[in-house]
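The task is simple: from the sequences and hints, build the whole structure.
The listed protein sequences derive, respectively, from chains A and B.
In case it helps, our numbering puts the first sequence at residues 59 to 446.
In case it helps, our numbering puts the second sequence at residues 15 to 267.
Because the hints were derived from the structure by calculation, they are not lab data.
Derived BS3-like pairs (lysine-lysine); straight-line CA-CA distance at most 27 Å:
{"hint": "1", "chain 1": "A", "residue 1": "Lys118", "chain 2": "A", "residue 2": "Lys61"}
{"hint": "2", "chain 1": "B", "residue 1": "Lys220", "chain 2": "A", "residue 2": "Lys411"}
{"hint": "3", "chain 1": "A", "residue 1": "Lys175", "chain 2": "A", "residue 2": "Lys129"}
{"hint": "4", "chain 1": "B", "residue 1": "Lys220", "chain 2": "A", "residue 2": "Lys412"}
{"hint": "5", "chain 1": "A", "residue 1": "Lys129", "chain 2": "B", "residue 2": "Lys137"}
{"hint": "6", "chain 1": "B", "residue 1": "Lys137", "chain 2": "A", "residue 2": "Lys118"}
{"hint": "7", "chain 1": "A", "residue 1": "Lys412", "chain 2": "B", "residue 2": "Lys137"}
{"hint": "8", "chain 1": "A", "residue 1": "Lys411", "chain 2": "B", "residue 2": "Lys137"}
{"hint": "9", "chain 1": "A", "residue 1": "Lys185", "chain 2": "A", "residue 2": "Lys159"}
{"hint": "10", "chain 1": "A", "residue 1": "Lys412", "chain 2": "A", "residue 2": "Lys201"}
{"hint": "11", "chain 1": "B", "residue 1": "Lys137", "chain 2": "A", "residue 2": "Lys400"}
Here are some of the chain B residues that sit facing chain A, going by a computed Cβ distance under 7 Å:
{"hint": "12", "residue": "Tyr79"}
{"hint": "13", "residue": "Thr92"}
{"hint": "14", "residue": "Ile94"}
{"hint": "15", "residue": "Thr95"}
{"hint": "16", "residue": "Val129"}
{"hint": "17", "residue": "Asp136"}
{"hint": "18", "residue": "Lys137"}
Keep in mind it's a predicted model, so treat the numbers as computed, not measured.
For each residue, glycine too, the CB sits at the ideal point set by N, CA and C.
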Amino acid sequence: MRKLRTSDRMRELMGHYYMQGHQAEFNAWITSGAPVELLYAMDIYPVYPENHGALIGATKLGGYYSEFSEKRGFSRDLCSYARCDIGCVFAGTSPIGGLPKPTFLFACNNICNTVVKWYEVLSRIFKVPLFVLDMPFVRKELKESHLRYVEEQLYDFIDFSEKITGKSLEDSRLKDVISKSLEGVRLYSECLRTAKNRPSPMTCFDAFVNMAPIVCLRGTEHAVSFYTEMKEELEERVRNGISAIENEEIRLLWDNIPVWYRLRWFGEFFERRNACLVADTYTNAWTGFGELKKDDIISSMAEVYTLSYLNIGMDMTAEIINRLIEIYEVDGVVMHSNRSCKPYSFGQYEIQKKLSVPAVIIEADMVDERVFSEAQVVTRLEAFLEML
Amino acid sequence: MISAGIDIGSITAKCVILRDSRILSYKVIRVKPELGLTAREVFEETIRIAGIERGEIDVIVATGYGRNVVEFADKKITEITCHAAGASFLFPDTGTVIDIGGQDSKVIAVENGRVLDFVMNDKCAAGTGRFIEVMASALGLKIEEVGDLAFRAAKKLKISSTCTVFAESEVVSYLSAGERVENIIAGVCDAIASRIVAMANRVGIKREVVLTGGVAKNLGVRRAIEERIGFEVRVPEEPQIVGALGAAFLGTR
Numbered sequence: 059m060r061k062l063r064t065s066d067r068m069r070e071l072m073g074h075y076y077m078q079g080h081q082a083e084f085n086a087w088i089t090s091g092a093p094v095e096l097l098y099a100m101d102i103y104p105v106y107p108e109n110h111g112a113l114i115g116a117t118k119l120g121g122y123y124s125e126f127s128e129k130r131g132f133s134r135d136l137c138s139y140a141r142c143d144i145g146c147v148f149a150g151t152s153p154i155g156g157l158p159k160p161t162f163l164f165a166c167n168n169i170c171n172t173v174v175k176w177y178e179v180l181s182r183i184f185k186v187p188l189f190v191l192d193m194p195f196v197r198k199e200l201k202e203s204h205l206r207y208v209e210e211q212l213y214d215f216i217d218f219s220e221k222i223t224g225k226s227l228e229d230s231r232l233k234d235v236i237s238k239s240l241e242g243v244r245l246y247s248e249c250l251r252t253a254k255n256r257p258s259p260m261t262c263f264d265a266f267v268n269m270a271p272i273v274c275l276r277g278t279e280h281a282v283s284f285y286t287e288m289k290e291e292l293e294e295r296v297r298n299g300i301s302a303i304e305n306e307e308i309r310l311l312w313d314n315i316p317v318w319y320r321l322r323w324f325g326e327f328f329e330r331r332n333a334c335l336v337a338d339t340y341t342n343a344w345t346g347f348g349e350l351k352k353d354d355i356i357s358s359m360a361e362v363y364t365l366s367y368l369n370i371g372m373d374m375t376a377e378i379i380n381r382l383i384e385i386y387e388v389d390g391v392v393m394h395s396n397r398s399c400k401p402y403s404f405g406q407y408e409i410q411k412k413l414s415v416p417a418v419i420i421e422a423d424m425v426d427e428r429v430f431s432e433a434q435v436v437t438r439l440e441a442f443l444e445m446l
Numbered sequence: 015m016i017s018a019g020i021d022i023g024s025i026t027a028k029c030v031i032l033r034d035s036r037i038l039s040y041k042v043i044r045v046k047p048e049l050g051l052t053a054r055e056v057f058e059e060t061i062r063i064a065g066i067e068r069g070e071i072d073v074i075v076a077t078g079y080g081r082n083v084v085e086f087a088d089k090k091i092t093e094i095t096c097h098a099a100g101a102s103f104l105f106p107d108t109g110t111v112i113d114i115g116g117q118d119s120k121v122i123a124v125e126n127g128r129v130l131d132f133v134m135n136d137k138c139a140a141g142t143g144r145f146i147e148v149m150a151s152a153l154g155l156k157i158e159e160v161g162d163l164a165f166r167a168a169k170k171l172k173i174s175s176t177c178t179v180f181a182e183s184e185v186v187s188y189l190s191a192g193e194r195v196e197n198i199i200a201g202v203c204d205a206i207a208s209r210i211v212a213m214a215n216r217v218g219i220k221r222e223v224v225l226t227g228g229v230a231k232n233l234g235v236r237r238a239i240e241e242r243i244g245f246e247v248r249v250p251e252e253p254q255i256v257g258a259l260g261a262a263f264l265g266t267r
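Here it is in structure tokens:
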């Protein structure tokens, strides 16, 4: 696989991001699907335990840190991000020396309901306030009452944060953050869309490695400049006909969170078989935040965040995947049945039937390397490629 | 043209030698910890039975979990593709292959010998040959006795646990409650059949259904599957060699 130059820049950027968290006057631990724009607009530094979990997975220490929470009674069936995050708190460290102690906690259940219990545990450990932003699950359609319910909570959250920090949210500041968020998401989406090209200049593994800025730095200038650079590099590849893998014959779509401790292994496995995973449902989920409206911030925020990828019914999910299949012209879908992420993995066998191309399901976990069975995964994937 | 197919599974290794679409010889042996050695042994033995020289073989294809240890193979193909090819070689109108092996089970939707779709059991021994082995040993039976005994059962006792370990304790408690061995083992066979048929429904069951793998020899499981799908399945004379046969056949193409 040809490495992107921007990946080095990403490491540097995220290194700074984590360091700054320790210096911030106020910081909030936040879930990946929450409206981070509100925090940036109030100068509250966002800290992402999920991103930290991914980092632990990538360093292959998931099992090690999980055990710190498992030996205190947390079940091995719980999400491995949660187990690692809580485990690191108990261990008093992590591969990056642990996260800064939170001023408060901000959990939004539009990605799963585990985050509610997880953050309640953190709230008890750190003895800091917790705000739960409760988003109704959208089975078929988004109702007006849902939106009003979420909108009211967004105002409550602003009050909650203002009381803690003693500062008030400035309208102009929020508008500025939203502009940057929209710009960042637009550039990020354009980066992902370059994979429409044949051969593709990037793989979903490039997307995974370089997604941290859109998650953690959305709404800041950092994300805007980072994705500007990444887009330039990808477009340069397209102009010069440089492909991400040596010989792209089969194009595939990845579903679910990556197997962080096996990113390189998967990348090389597919490259050796001339298959390119050009896109994935996970990183594409962040392109949906591009629908915020500058002149109607709070109500558009309620809508956009309630309709997040993991907060919608199976038919809508299948529709989105089919759209990605069409956009990226893929021949098949590799679905990771992720032991940790129940809302993401639930229904995959049903969704598989609704897709316009064949799909294969492999079992693994995003962070816990102890559940990975290489021979089983290899047999399923090889048989799938033989079938295609 | 002479081709050889070698299937290294979790419990047994199989080899088939084909000459112009006719089976010359085959052999099934127990897998030893040294997989490379097992592969050579089953291969050499099959050559010996065929009465040919090693040099006469044009192509060797390896399959099964241990396919990558067969260093002398010209090609490696997964057991899914090989089972589809092998079953269709024996029964040209194969629509579905149900393979129950030692450590995994799979259902393959097939059309003209090609794989349309497949599903495999997850990280669990339920629904595999190992499940029966564990239950047989809890009941003090030899694996060969299981099928006939189940066939003679007056009723099927319900095994509700899917987990092999818990199912074993269910079996033991039935024994201590004085239930008859054949009724218990019939329940064990039905438990496997129920898991397999549920899995088969995911890819859709289309005739003819060919049952392969060591468990296909078990009449209890076979009948339980037939009851659940509502028609008879086809079972090759030697169901264990279908993967190796498919590998040998694919080697000729």
